[in-house]
Amino acid sequence: MLEDQSNVKAWFYLLPALILLGIFIFYPIVNAVFLVFVDNYNYQTGTYDGFTLLDNFRYVLSDNNFRMAMLNTMLITFVSVPLSVIIALLISVWLNAIKRMQGFFQTVFFLPYVTNAIAIGMAFAFMFNRRYGLINWFIGLFGIEPVNWVGMGASWGNAMIALIIYITWLTLAFKILVFLSGLQGIDKQYYEAARVDSASKSRVFLKITVPLLSPMIMYITVTSFIGAFKTYTEVIGMFGERLGPPGNDRAMITVVALVYRALDRSGVPGALSEAAAASLILFAITLVFTFINMQVSKKRVHY
Amino acid sequence: MEITLENLTKVFQSKKEEETVAVDNLDITIPSGKLFGLLGPSGCGKSTTLYMISGLLRPTTGKIWFGNEDVTPVPPEERGIGLVFQNYALYPHMTVRQNIMFPLENVKMDKQEGLEKAQEIADLVGIGHLMNRKPKQLSGGQQQRVAIARALVKSPRVLLLDEPLSNLDARLRLQTREEIKRIQRETGITTIFVTHDQEEAMSISDEIVVLREGVTQQVGVPQKVYDNPNNLFVAKFLGTPPINVFDGRVENGKLYIGDADIANYDAPDQEVTIGIRPEGFKIVERSSFKVDVDLVETIGRDTTLIIPHPNDETQSFRAIVDSEYGVQPGDKLKFNVKPSKIHVFNKETGELV
Chain S
1236 MLEDQSNVKA WFYLLPALIL LGIFIFYPIV NAVFLVFVDN YNYQTGTYDG
1286 FTLLDNFRYV LSDNNFRMAM LNTMLITFVS VPLSVIIALL ISVWLNAIKR
1336 MQGFFQTVFF LPYVTNAIAI GMAFAFMFNR RYGLINWFIG LFGIEPVNWV
1386 GMGASWGNAM IALIIYITWL TLAFKILVFL SGLQGIDKQY YEAARVDSAS
1436 KSRVFLKITV PLLSPMIMYI TVTSFIGAFK TYTEVIGMFG ERLGPPGNDR
1486 AMITVVALVY RALDRSGVPG ALSEAAAASL ILFAITLVFT FINMQVSKKR
1536 VHY
Chain D
30 MEITLENLTK VFQSKKEEET VAVDNLDITI PSGKLFGLLG PSGCGKSTTL
80 YMISGLLRPT TGKIWFGNED VTPVPPEERG IGLVFQNYAL YPHMTVRQNI
130 MFPLENVKMD KQEGLEKAQE IADLVGIGHL MNRKPKQLSG GQQQRVAIAR
180 ALVKSPRVLL LDEPLSNLDA RLRLQTREEI KRIQRETGIT TIFVTHDQEE
230 AMSISDEIVV LREGVTQQVG VPQKVYDNPN NLFVAKFLGT PPINVFDGRV
280 ENGKLYIGDA DIANYDAPDQ EVTIGIRPEG FKIVERSSFK VDVDLVETIG
330 RDTTLIIPHP NDETQSFRAI VDSEYGVQPG DKLKFNVKPS KIHVFNKETG
380 ELV
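Chains S and D are the protein sequences, given in the same order. Taken in order, the first sequence gives residues 1236 to 1538; the numbers are from the numbering used here. Taken in order, the second sequence gives residues 30 to 382; the numbers are from the numbering used here.
FYI, nobody ran anything at the bench for these hints, they're computed from the structure. Heads up, a few of these hints could be off.
Stated by the list, open to error - Simulated crosslink set (DSS-like; lysine-lysine; CA at most 25 Å straight-line): (1) LYS1534(S) / LYS163(D); (2) LYS311(D) / LYS283(D); (3) LYS1423(S) / LYS165(D); (4) LYS1442(S) / LYS1423(S); (5) LYS210(D) / LYS1436(S); (6) LYS137(D) / LYS1436(S); (7) LYS1442(S) / LYS137(D); (8) LYS1334(S) / LYS1244(S); (9) LYS253(D) / LYS1423(S); (10) LYS1436(S) / LYS140(D); (11) LYS163(D) / LYS1442(S); (12) LYS253(D) / LYS63(D); (13) LYS146(D) / LYS44(D); (14) LYS1534(S) / LYS140(D); (15) LYS1334(S) / LYS44(D); (16) LYS1423(S) / LYS45(D); (17) LYS283(D) / LYS370(D); (18) LYS165(D) / LYS1534(S); (19) LYS1533(S) / LYS163(D); (20) LYS163(D) / LYS146(D); (21) LYS1423(S) / LYS140(D); (22) LYS1533(S) / LYS165(D); (23) LYS163(D) / LYS1334(S); (24) LYS1442(S) / LYS146(D); (25) LYS63(D) / LYS210(D); (26) LYS92(D) / LYS63(D); (27) LYS1442(S) / LYS165(D); (28) LYS1442(S) / LYS140(D).
Said to hold, decoys possible - Here are the in silico distance ranges between beta carbons for each label pair: (29) VAL1343(S) / ARG87(D): 26 to 36 Å; (30) HIS1537(S) / ARG87(D): 26 to 36 Å; (31) LYS44(D) / PHE1247(S): 48 to 58 Å; (32) MET1529(S) / SER61(D): 47 to 57 Å; (33) SER1416(S) / ARG87(D): 47 to 57 Å; (34) SER195(D) / LEU1376(S): 29 to 39 Å; (35) LYS44(D) / SER1416(S): 14 to 24 Å; (36) GLU149(D) / SER1416(S): 34 to 44 Å.
To be verified - Residues from chain S shown here face chain D by an in silico Cβ test under 10 Å; the list is partial: (37) THR1350; (38) TYR1425; (39) ARG1430.
This structure is a prediction, so every number in the text was calculated from the model and none was measured. Just so you know, even glycine gets a beta-carbon here, dropped at the ideal spot from N, CA and C.
So here's chain S without its partners, still in its complex pose (with noise of 0.2 Å):
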């Protein structure tokens, strides 16, 4: 009887945040699963000619954009993700290792988290400019020319690699965060019992530290993946809503940023499905990555 009674109040409790995840969450998705099933669906009078079950994935399989959101997409999730875990890894070792400045440093790697990814996105696009960038200018002292990394006509590869350092940078502040805390927590008796075992400092920090800090990093992991596989604002920051730099539109479109655009067209009939379609492809990707994700950490992660 007791269990009862609280049961009620307990879904009394949850009620005001199931209405607000229910408004805003849950007919949402219900609502792109119907898109996606529908013929021509418009979106000023909500019509449709009837049920399709694969003409909108067909469709966008088949579209360029798609595929070249897809390309990009992947590529920025499988070189930023591992590059910036990494190089995160290292800089955490070595700040949570220095005792002068640390306080310091810490407080600049982790500035990014705090700034407007729009912004910065700005002013790295700038520190690439062709002409007065610090980039150019730095690999002008050993004698490489002038590269056009994101100005007019520059090539798909060029601005590739330049978003790909930005988002790599981007996206250290948070796993710096996280790894430094989690290292503060590793017993230092483990370091000194390794260093009387004389163990090497490579061996240290492969036999000791990654292990011991296995579950930050599969927790990093599968949130950059899935932060990744979302990349948008990053795209924005440096090229704009042209996606792309000057005179190449579009060559650095993202999953996310075809869905967006699709509501630029939504006058057209079809177009939410569309993005309906793309945004459930999306899902289904990241949701196999996390799984994959999942069954490494059983066998690697030490809790």
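Model the placement of chain D on the given structure of chain S, informed by the hints.
Frame of chain S; chain D shown alone:
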């Protein structure tokens, strides 16, 4: 290999520039192939001394010799020591085998040879059947043995143990201390261990040093230190139940507590502090040392008598007598004191008179 500590001093400096002398001018020679105990209350500098021998701490001044080699500037990884931490510091993500193999892999020993060596050492400490377990799946005593095996596997010149028994329960502690003694005998390795437990130190050490606030109080074979303490601190620190302390005096070659004549004692007339071990009392027919028994605790063959303290009625002292006497609470007894169990100290300095 003999270890010599020469004028070893460690001063810790806090952020506010306050200096704490943890170890003060220590001069000890630790004999080769023996089990040596660093004994003292917490904060006496015993662990600091151990960590200086390991090389993890650098001495402020002084030198450490391993045989004829001055190892003071040598980093821990090159000293050839095995160290067992108080909480063992076993790598939680590695199996017992991987833990024991770790030091061997560091020196790039051949894998097959390493596996054999690890198994051999694990068998020696009695955990050979647990090689595939993780530390979490082991009891405290088993973890302790893994830690000892990991320290021994690379055949160190010295084995260092930091409070090896403090994390174990009473029964396991007894068992493990025998085990440590056995392992030390079988390997013949010079072993230094730290403890605040005098019973532990006395039961397994070949030699002990008693430290107080970083200063050596006494070095020697445990029983000799117990029988002939240099000062009141050592006398009080060793023995359970602890030594009884009385205010007394030397007068005309005799030792008195109040009016009771305890023994003959050859020293100038003076006020003194008298220490008498609980087992130093004998019940006799005629003596001027008269007591009223307050409480009686009989444990096996010994009876502990709790008796009001002659200097202060609110305090009490303990005497251990044979249970055959059948002493009852409220009995009036007369005591003789065994001269070898009496220790007379200077009232101010606590030094032996």
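Each hint tested on the structure:
Between LYS1534(S) and LYS163(D) the alpha-carbon distance is near 15 Å, which keeps this suggested pair within the 25 Å criterion. About 19 Å separates the Cα atoms of LYS311(D) and LYS283(D), which keeps this hinted pair within 25 Å; it holds. Our distance criterion of 25 Å between C-alpha atoms is met by LYS1423(S) and LYS165(D), whose separation comes to about 19 Å. For the proposed pair LYS1442(S) and LYS1423(S), the alpha carbon gap of about 15 Å is at most 25 Å, so the pair holds.
Proposed proximity of LYS210(D) and LYS1436(S) is contradicted: the alpha carbons are some 35 Å apart, above 25 Å. The straight-line distance between the Cα atoms of LYS137(D) and LYS1436(S) is roughly 14 Å, inside the 25 Å bound, and the hint therefore holds. With a CA separation close to 14 Å, the supplied pair LYS1442(S) and LYS137(D) stays within the 25 Å bound. The suggested pairing of LYS1334(S) with LYS1244(S) is violated, with an alpha-carbon distance near 52 Å, which exceeds 25 Å.
Between LYS253(D) and LYS1423(S) the CA atoms are separated by roughly 39 Å; this puts the pair beyond 25 Å, and the hint is violated. With a C-alpha separation of about 21 Å, the suggested pairing of LYS1436(S) with LYS140(D) holds against the 25 Å cut-off. Of the supplied pair hints, the one linking LYS163(D) and LYS1442(S) holds, its CA atoms being roughly 15 Å apart against a limit of 25 Å. Of the supplied pair hints, the one linking LYS253(D) and LYS63(D) holds, its CA atoms being roughly 16 Å apart against a limit of 25 Å.
Proposed proximity of LYS146(D) and LYS44(D) is contradicted: the alpha carbons are some 46 Å apart, above 25 Å. Distance hint between LYS1534(S) and LYS140(D) is fulfilled; the C-alpha atoms sit about 23 Å from each other, no more than 25 Å. A C-alpha spacing of about 14 Å is found between LYS1334(S) and LYS44(D), which places the hinted pair at or below 25 Å, so the restraint holds. Only pairs whose Cα atoms come within 25 Å are accepted, and LYS1423(S) paired with LYS45(D) is accepted, the gap being roughly 24 Å.
For the given pair, LYS283(D) sits about 16 Å from LYS370(D) by alpha-carbon distance, which is consistent with the 25 Å threshold. At most 25 Å may separate the alpha-carbon atoms for a hinted pair to count; LYS165(D) and LYS1534(S) meet this at roughly 17 Å. Distance hint between LYS1533(S) and LYS163(D) is fulfilled; the C-alpha atoms sit about 16 Å from each other, no more than 25 Å. Pair hint LYS163(D) plus LYS146(D) holds up; C-alpha atoms about 19 Å apart against a cutoff of 25 Å.
The straight-line distance between the Cα atoms of LYS1423(S) and LYS140(D) is roughly 28 Å, outside the 25 Å bound, and the hint therefore fails. Distance restraint check for LYS1533(S) and LYS165(D): the Cα-Cα separation of roughly 18 Å lies within the 25 Å cut-off, and the hinted pair is therefore satisfied. Of the pairs offered as hints, the one joining LYS163(D) and LYS1334(S) is violated, with about 34 Å between alpha carbons and a cut-off of 25 Å exceeded. Between LYS1442(S) and LYS146(D) the alpha-carbon distance is near 21 Å, which keeps this suggested pair within the 25 Å criterion.
About 10 Å separates the Cα atoms of LYS63(D) and LYS210(D), which keeps this hinted pair within 25 Å; it holds. Restraint check for LYS92(D) and LYS63(D): satisfied, since their Cα atoms lie roughly 21 Å apart, inside the 25 Å limit. A threshold of 25 Å between alpha carbons decides the hint, and for LYS1442(S) with LYS165(D) the separation of about 18 Å falls inside it, so the pair holds. Restraint check for LYS1442(S) and LYS140(D): the C-alpha separation of about 17 Å stays at or below 25 Å, so the hint holds.
A beta carbon spacing of about 32 Å between VAL1343(S) and ARG87(D) agrees with the range 26 to 36 Å that was offered as a hint. Separation of HIS1537(S) from ARG87(D) is about 33 Å and conforms to the stated range, judged on CB atoms against 26 to 36 Å. For the pair LYS44(D) and PHE1247(S), the supplied restraint of 48 to 58 Å holds, since their beta-carbon distance comes to about 54 Å. Evaluation of the 47 to 57 Å hint for MET1529(S) and SER61(D) yields a pass: the beta carbon distance comes to about 56 Å.
Checking the proposed 47 to 57 Å range against SER1416(S) and ARG87(D) shows it is violated: the Cβ atoms sit about 30 Å from each other. Separated by about 60 Å at the C-beta atoms, SER195(D) and LEU1376(S) break the suggested range of 29 to 39 Å. Look at LYS44(D) against SER1416(S): about 23 Å separates their beta carbons, and that is inside 14 to 24 Å. With their beta carbons about 41 Å apart, GLU149(D) and SER1416(S) fall inside the hinted range of 34 to 44 Å.
Contact between THR1350(S) and chain D, as hinted, is not supported at the beta carbon level, the nearest pair being about 33 Å apart and thus beyond 10 Å. The interface hint given for TYR1425(S) holds, since its Cβ lies 6 Å from the closest Cβ of chain D, which is under the 10 Å cut-off. The interface hint given for ARG1430(S) holds, since its Cβ lies 6 Å from the closest Cβ of chain D, which is under the 10 Å cut-off.
Taken one by one, the earlier hints fail for this structure at numbers 5, 8, 9, 13, 21, 23, 33, 34, 37, listed in ascending order.
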